[in-house]
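There are 2 protein chains.
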Amino acid sequence: MNAQERKAALQNIYTLSGYYNSISGVLGIDQWGGLPDDGVDYRLKVNGFLNDQKRALYFTAEAEELAAYYKEHPLGENDIESAQIRAFLKQRSFYLDVPKELFDEFNRKRVESMTAWKQAREAKDFNIFKPYMKDVFELRKQIALALRPNDDPFATLVDLTDEGLSIDDISREFNKLREGIVEIRRKIEQSGLEIDNSVLKQEQDADDMMNFAKALAREVGYQDSKGGYNEKVIHAFSSTIGPRDARISTAKHGKPSLIMTILHESGHSMYGYSSNEAVVEAGLFGGISGGFHEGQARFIENFIGRSRAYIHHIYPKLVETFPAYADIPEEDFYRALNKVASTCKRTEADEVTYNLHVIIRFELERDYFAGKLSIDEMRDAWNDKYEEYLGIRPQNDLEGILQDMHWTGSWIGYFQSYALGNVYDGMIYNAIRKDLPNFSELVEVGNFAPIINWLTENIWQYGRSVTAMDLLNKFSDNGLDAQPLLDYLDEKFGKIYGWNK
Amino acid sequence: MNAQERKAALQNIYTLSGYYNSISGVLGIDQWGGLPDDGVDYRLKVNGFLNDQKRALYFTAEAEELAAYYKEHPLGENDIESAQIRAFLKQRSFYLDVPKELFDEFNRKRVESMTAWKQAREAKDFNIFKPYMKDVFELRKQIALALRPNDDPFATLVDLTDEGLSIDDISREFNKLREGIVEIRRKIEQSGLEIDNSVLKQEQDADDMMNFAKALAREVGYQDSKGGYNEKVIHAFSSTIGPRDARISTAKHGKPSLIMTILHESGHSMYGYSSNEAVVEAGLFGGISGGFHEGQARFIENFIGRSRAYIHHIYPKLVETFPAYADIPEEDFYRALNKVASTCKRTEADEVTYNLHVIIRFELERDYFAGKLSIDEMRDAWNDKYEEYLGIRPQNDLEGILQDMHWTGSWIGYFQSYALGNVYDGMIYNAIRKDLPNFSELVEVGNFAPIINWLTENIWQYGRSVTAMDLLNKFSDNGLDAQPLLDYLDEKFGKIYGWNK
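Read top to bottom, the protein sequences are chains A and B.
If you're matching positions, the first sequence starts at 8 in our numbering and goes up one per residue.
If you're matching positions, the second sequence starts at 8 in our numbering and goes up one per residue.
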């Protein structure tokens, strides 16, 4: 092949992978929102077929030739081509290095373990899930070792989600974060302030709440012509279906938290559909996985959505739409949304303690893969850490170790990304305010376009053609750094709880 | 290849086609219910890719060898294998005989003509649509001639939808049907009875109506574990997504016609998911296209749903759910649902005049392809036929020739299937009552299982392993015959309008 032909062959792999990803995305939405029980067996076959087809793209005669060449010449003519080459080689290595039997066995166990997890949840008994968790952790470890026999398997797994980040860097920043949060929580406790957040538990009409949340997402910048809503799923997620098509799936309900859920998913989706044309052409549209994607969602949800300025902006419309809220003053509504209190459930946590939930899981995983903690000891370790970090002890396993589905297999080595997203957001928040010093005023008057434009310009447009570190290095000299997040939290919650007058 | 290898290779084509069909089915639901405007371009590429992949299955080296062998040996070891061979050769001929450029041009024009049709509808002006209609009809004709150079192109097109039926047979039975209906309408007119159907125009709560309709479909036999509802599309349809997975798409609204829509689609869907295991294994699950599929839907909708016995069965629950109906006596509700009156719009027609709408389009298409009618003359011919057959003349083109989307390209040579479905139903109705003489009593008490079992046993289980004529010949000696339908209509409407005491 000459250079021209290689380029075309590599491009073809990305074009076709893009089609398969788009199909899988639609099937994924269908799986949660439409697929009936008796359709599952056939869907598993269709999914298996799609996986095989996608894998086959990396093992044609042309792909073999590409791989041989690019191993020697990993740099393309420009950043985008280099990104194509890097991701092609990485994906091909994954297929090559992980024996198909191992991967298939892992996938079988994953399905079994999901079933066992559901049963264990019903019985609130970790012991039912334990043997399956042992299996999937062990198989996941074997996969990691197959990929990089000489590396810490946990580092390998983390790199699959958050490419380029080292365990050491994450551990260092998470320690800093944990200590900073302990300090913030101490100050909150000292303040003696008790916030009443009972308003968040009142159910309003679900259709009204959904329409209200959609209107807010639209106002922030989520374009209906590039997305849409599937309202029939249990847990919320976003799917990038095409370069200009990213959808929101959620469960419709009448509590105000739905607003935050929709804003969160609109962040994922805007990131998903905002790649520039060159990135789209190259088939690298969408967003990079792990913490960075999460960071975009949490920036819209927290740094905009839960800000004082934003609540001021939406309050008049909120009480007009939901007269039941008219008795709650704006400031009280804001405080209710930002009450800091330990909960056992991660997904119900506030912006401050949320990070501790994530750090707990990260530490447990890290210790498991370092051989310091067995699955048998996992439940007690979980409960002890909740007591130590959050000051509460789960009353049962459903409140505790069985609450997240991540450890049923698919997302081992994934949890760090949730807190990394917040760390990135702290850094992004610093950078954006250098260019838009009037950030809060823009939010307060509902002029989101400059903010969305900044995010598009500086982050979203690059799609998967960059790594998280590439982006961070553009607007920070310190690499990964939890300090901006801590500064933001200290300032915000200091205002609420009174130490920051 | 030896016999074993041939079998496996043929099976493989069906297995993979099944996967592609399943994917296309889910994308089809998404296209109407989820796909945003800016996602369309990419979706067209994904669809093109899927079509190319499916086509490629028929042109591998193995497929070439299969085709050469099966042309000489078209009969398999059993009916199912014979059906596989027949459909394989037919599909391959289609790909081979229709030049790809012609087919691609047709598909381009089809998209353009859909756009022009929408614009013409807004302007209520056929002239805007006319040049596009000329193109798609001409291209469709060329496709037919490419497939069978020596046959009447209309016959070829009809055979693509209703395999094995001749134009002559259809014309003969449609003439009989038309004359019979003219006679029934004469008797209705003579009766002087004016039925008040204003109840059908009252909107109830859309969610309540949808839930009520779903409960009725469930009671008739549509299993939630094998299907489900997408409530966001403009026009109703059913999609067979897998061997045990057939979904209903519809627009939710509060009028009682929603009940009939859901029963109709449940008929399509039950047919779609009820193939027997051997048929499923062979990849021939689902239902045969055209009139026979339509017949299954209309059997549930009309022969059950619009029957006196069925209305008696559902009436108590109906007035309990919708107190607004409590003033309407059961008999009046039944009559309102069955009022015979000419309308310009096919989809709003009653069971009697519906057939005339279809016959008009069939005759116009037939005359066009016979060179007796040009597209320029089509609007006047349409209006004249409405005046002649139905006694009303459309006031504008939106009420008239622009009402259906079929002639934007995809469904030329398709209309006959709607009336054929009714003709089949008449024959099925005769046959089922031989085995279940208490058919009406079963419906009246809501014991639908024997009926669904009969349909499954005699029709649905065979999926696409048979032709419509294969099935009809099992329970009738007369081939295609409109008389049973006419007898049914005469008896039913004679009771309503009083000539059948």
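Be a bit skeptical, because a hint or two may be false.
No copy is singled out in the list; a pair is fine if it fits within one copy or between any two copies.
Stated by the list, open to error - Straight-line C-alpha distance at most 20 Å; calculated SDA-like pairs for lysine to any residue: (1) Lys379 to Leu152; (2) Lys52 to Ser24; (3) Lys379 to Arg440; (4) Lys508 to Asp497; (5) Lys221 to Lys262; (6) Lys208 to Cys351; (7) Lys324 to Ile382; (8) Lys141 to Glu384; (9) Lys221 to Asp44.
Bear in mind the hints are in silico, worked out from the structure with no lab data behind them.
Hint check results:
1. Lys379 to Leu152: Only inside one copy: Lys379 and Leu152 sit 18 Å apart there, 75 Å across copies, limit 20 Å.
2. Lys52 to Ser24: both (19 Å within a copy, 13 Å between copies)
3. Lys379 to Arg440: neither (43 Å within a copy, 74 Å between copies)
4. Lys508 to Asp497: Within one copy only: 12 Å inside a chain, 87 Å across chains, cut-off 20 Å.
5. Lys221 to Lys262: within (14 Å within a copy, 28 Å between copies)
6. Lys208 to Cys351: For Lys208 and Cys351, only the intra-copy Cα distance (17 Å) is at most 20 Å; the inter-copy one is 53 Å.
7. Lys324 to Ile382: Answer is neither: 50 Å inside a copy and 55 Å across each miss the 20 Å cutoff.
8. Lys141 to Glu384: The answer is within: 11 Å in one copy meets 20 Å, while 75 Å across copies does not.
9. Lys221 to Asp44: Between. Shortest inter-copy distance 17 Å satisfies the 20 Å Cα cut-off; intra-copy 30 Å does not.
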